[in-house]
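**Q** Spelled out from the first residue to the last, the chains are:
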Amino acid sequence: MRPENSKGISLNVRELTKRYSDSVTIGPISFSVQEGEFFSLLGPSGCGKSTTLRCIAGFEQPTAGEMYLKGERLDKKPPYARDLGLVFQTHALFPHLTVAGNVGFGLTVRKLGAAEIKNRVGWALDLVGLRGFEDRMPSQISGGQQQRVALARSLVLKPPLLLLDEPLSSLDLKLRQQMRDELRTLQRQLGQTTIFVTHDQTEALALSDRIAVLSNGRIEQIGTPIEIYRTPASRFVADFIGQSNILEASVEGQDGPIVRLRLAGGHSLLARPHGATLRVGDAVWAIVRPEDLAIGRDQSTSGTQFAGRICDVEYLGEDTQVRIDVPGLTGLIAAFKTTRAASARIAAPEVQVHVDADDVFVLSR
Amino acid sequence: MTSSFSVGELCRAGVLARTPAWVWLLGPYLLLLAATLLLPLTNLAVISVFRHNPNTMWVAEPTLANYTRLLDAYYVQVLMRTLRIGFITTISCLLLGTPLAYWLARCSRRTLAIGLFFIFMPMMVSTVIRAFGWMILLGRNGIINQASVEIGIGRWLYVMNTETAVIIALIQICLPLMVLPAMGTIEKIPLSLEEAATNLGAGPFALFYRVVLPLSLPGLASGALLAFVVAISVVVTPALMGGRTDRMIGNEIYDQVLTALNWPFASAMAIILIVLVVLLLCVSLWLAGRIGSWLVGPAVAARA
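Here the protein sequences line up with chains A and B, keeping their order.
Counting from 1 along the first sequence, just add 28 to a position and that's the residue number in our numbering.
Counting from 1 along the second sequence, just add 3 to a position and that's the residue number in our numbering.
Among the hints, erroneous ones may be present.
Below, a list of computed lysine to any residue pairs in the SDA-like style, where the Cα atoms sit at most 20 angstroms apart [to be verified]:
| # | chain 1 | residue 1 | chain 2 | residue 2 |
| --- | --- | --- | --- | --- |
| 1 | A | Lys139 | B | Trp297 |
| 2 | B | Lys191 | B | Pro207 |
| 3 | A | Lys105 | B | Glu197 |
| 4 | A | Lys104 | B | Pro207 |
| 5 | A | Lys139 | A | Leu158 |
| 6 | A | Lys186 | B | Glu198 |
Reference listing, derived: stretches of chain A covered by chain B, where coverage requires no fewer than 3 residues with Cβ under 8 angstroms from a Cβ of chain B [to be verified]:
| # | segment |
| --- | --- |
| 7 | 103 to 117 |
| 8 | 133 to 139 |
Sample of chain A residues with no beta-carbon within 10 angstroms of chain B, all distances over it, derived [as the list claims (entries may be wrong)]:
| # | residue |
| --- | --- |
| 9 | Ala85 |
| 10 | Ala92 |
| 11 | Ala120 |
| 12 | His124 |
| 13 | Arg212 |
| 14 | Thr213 |
| 15 | Leu306 |
No lab work stands behind these hints, which were simulated from the structure alone.
These numbers come from a predicted model, not from an experiment.
Here a beta-carbon is modelled for each residue, glycine too, at the ideal position from N, C-alpha and C.
Make a model of the complete structure from these sequences and hints.
**A** Here is the structure:
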């Protein structure tokens, strides 16, 4: 939509801070969002993601920090003059207005002509597939349709930045997945710069170009979904995104690119750290994703082998998750696709578990 | 729990249990209403068409004389004055009460408790005492005038015993009746709606008349109606606050009942007052609907 500055920075947040009391402080938070990017703020409740969004929208006044939208100072403007789209978790449709009245609200307030309002409302309703619903009242349409009206109401104004405050969490699972796909398609199609606030890591991973993971009012890591998942910057990120086996370890020795770690219980674990310079004696976290723990003997690659005992099996449909007790290491979690061959490997309780050195992520402690 | 038959069988056996629930739920109140409202009202309507007689109070001869007497210039004037005072009081209450109701609906719990206390406090004092309070404050030798004399401006406030004084006192009486229902409806408007409107570009003014006002209209209408009904039916306030020429219909009814002992004429006036109130109720409800759709109008025009 805006090819002339498609590589530019849309929103720039610098040292944004919101102090509620001496003990409760959000920030300082700094990040910038590229034009056309789908950027997520992800974190558990109370991490400050909603506060950040409300500061951008202007409903909270930051204690300190600055915000710029396309180089223009944003935080000094009143909320009604910021021209940002915001979709609420509760949809917040006006109950006294029809679908068309809701979608056209921003245009009416801007005192556009009736013909133009009609045109643009039609365009927005086409976008979300609700043409023909103009005269319905919000109470007469389903939750998913309400969500689309809320989206159309923001998109009709062609906002430079769209803010989504957990817009999917009030929908049921099937609808949520469907809306997620539609949202992504729509965002791509319009090249709409979007900030998405969520506590649902699956949503964030599926939708985002980049994710900022927040915890306790601080940004833990900003990166693409793959970076966040494969190379977490902190123990919190590793723990929060997906499932992880997080093992306390210390560096025992180095053998070329391969590092030998000593785990609690006297086990050794081979790892190939990426980038990080480690010295013997360093205290580290060794992080292994459940899908990287292979059950069964594997001699082909450099790696580590554990002997353990299956103590819990959980079928999740297409995936199976097992908890394996290795003496000294309680509850290693391994996951694999539920195939017949894989299921056969956990027939006996005593199993061998293998992890490749490349799949062990090392984090300084 | 008996084992020989179920609760369902018990219910089916009893005749009383077959009676629809509303009989039990509404019945007692309907009886009370019939005894204390419908019966006296019928009585009132009947007496109002009887001829007045100074010795027996009334003779059972049907006549419309009591009603035609209301067409006298004097009574038309009283009626018009009553309506005028009612309207001015109601509009003042709307203008003063709506912002107050909004503020109360949106303030913290603690402020709300204090605010409600101040709203309710005047209602705990009798109308007579309140009128005397106003006299002390607004009177010719009242606190305001005396203070003005003290600081050398001289006496300037001559509001006691005028229609304005009646209206001032009535606003104080009617404001809580206006504020409470209005506050109730505004409270129910989710804050996210206000934020959504703001986010879509509505400034404070547009936010008020496009979202808050249409959504709180039912509360404002019922508050205004309560205020109006109370304002046009007062007796004590115009008697104490108004002058000899500021009598309202309530004062006339009072005098006809207690002084002139002309109950048929008093009944006719009471009936007219009731008819007026019911008519205005219909008109104001219709008007609230019209205003509602007018406020919503511009956005509805956006229909494809």
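**Q** What's the verdict on Lys186(A) and Glu198(B), does the C-alpha distance respect the 20 angstroms limit or exceed it?
**A** Measuring from Cα to Cα gives roughly 18 angstroms; hence the hint holds.
**Q** If you draw a straight line from the CA of Lys139(A) to the CA of Trp297(B), is it 20 angstroms or shorter?
**A** Between Lys139(A) and Trp297(B) the Cα gap is close to 16 angstroms, so the pair holds against 20 angstroms.
**Q** When you check the alpha-carbon spacing of Lys139(A) and Leu158(A), does it fall within 20 angstroms?
**A** It is violated: about 24 angstroms lies between the C-alpha atoms, which goes past 20 angstroms.
**Q** Please check whether the beta-carbon of Leu306(A) is more than 10 angstroms away from every beta-carbon in chain B.
**A** Holds, because the least Cβ-Cβ distance between Leu306(A) and chain B comes to about 49 angstroms, which exceeds 10 angstroms.
**Q** Per the stated criterion, does the least C-beta distance between Thr213(A) and chain B lie above 10 angstroms, as a non-interface residue requires?
**A** Consistent with the label, Thr213(A) stays out of reach of chain B, its closest Cβ about 23 angstroms off (over 10 angstroms).
**Q** When you look at the beta carbon of Ala92(A), is every beta carbon of chain B farther off than 10 angstroms?
**A** holds, 23 angstroms
**Q** Compare the distance between the alpha carbons of Lys191(B) and Pro207(B) with 20 angstroms, and conclude whether the hinted pair is satisfied.
**A** holds, 19 angstroms
**Q** Given the hinted pair Lys105(A) and Glu197(B), is their alpha-carbon gap at most 20 angstroms?
**A** The hint holds at about 17 angstroms.
**Q** Would you say the segment 103 to 117 of chain A counts as covered by chain B, given the rule of at least 3 residues with C-beta under 8 angstroms?
**A** holds (count 10)
**Q** Against chain B, does Arg212(A) hold up as non-interface, every C-beta pair farther apart than 10 angstroms?
**A** holds, 23 angstroms
**Q** Do at least three Cβ atoms from the segment 133 to 139 of chain A come closer than 8 angstroms to Cβ atoms of chain B?
**A** holds (count 6)
**Q** Non-interface claim for Ala85(A): all C-beta distances to chain B beyond 10 angstroms?
**A** At roughly 6 angstroms from the nearest Cβ of chain B, Ala85(A) sits no farther out than 10 angstroms, so the non-interface label is violated.
In this structure, the earlier hints numbered 5, 9, 11 and 12 are contradicted, and the remaining ones agree with it.
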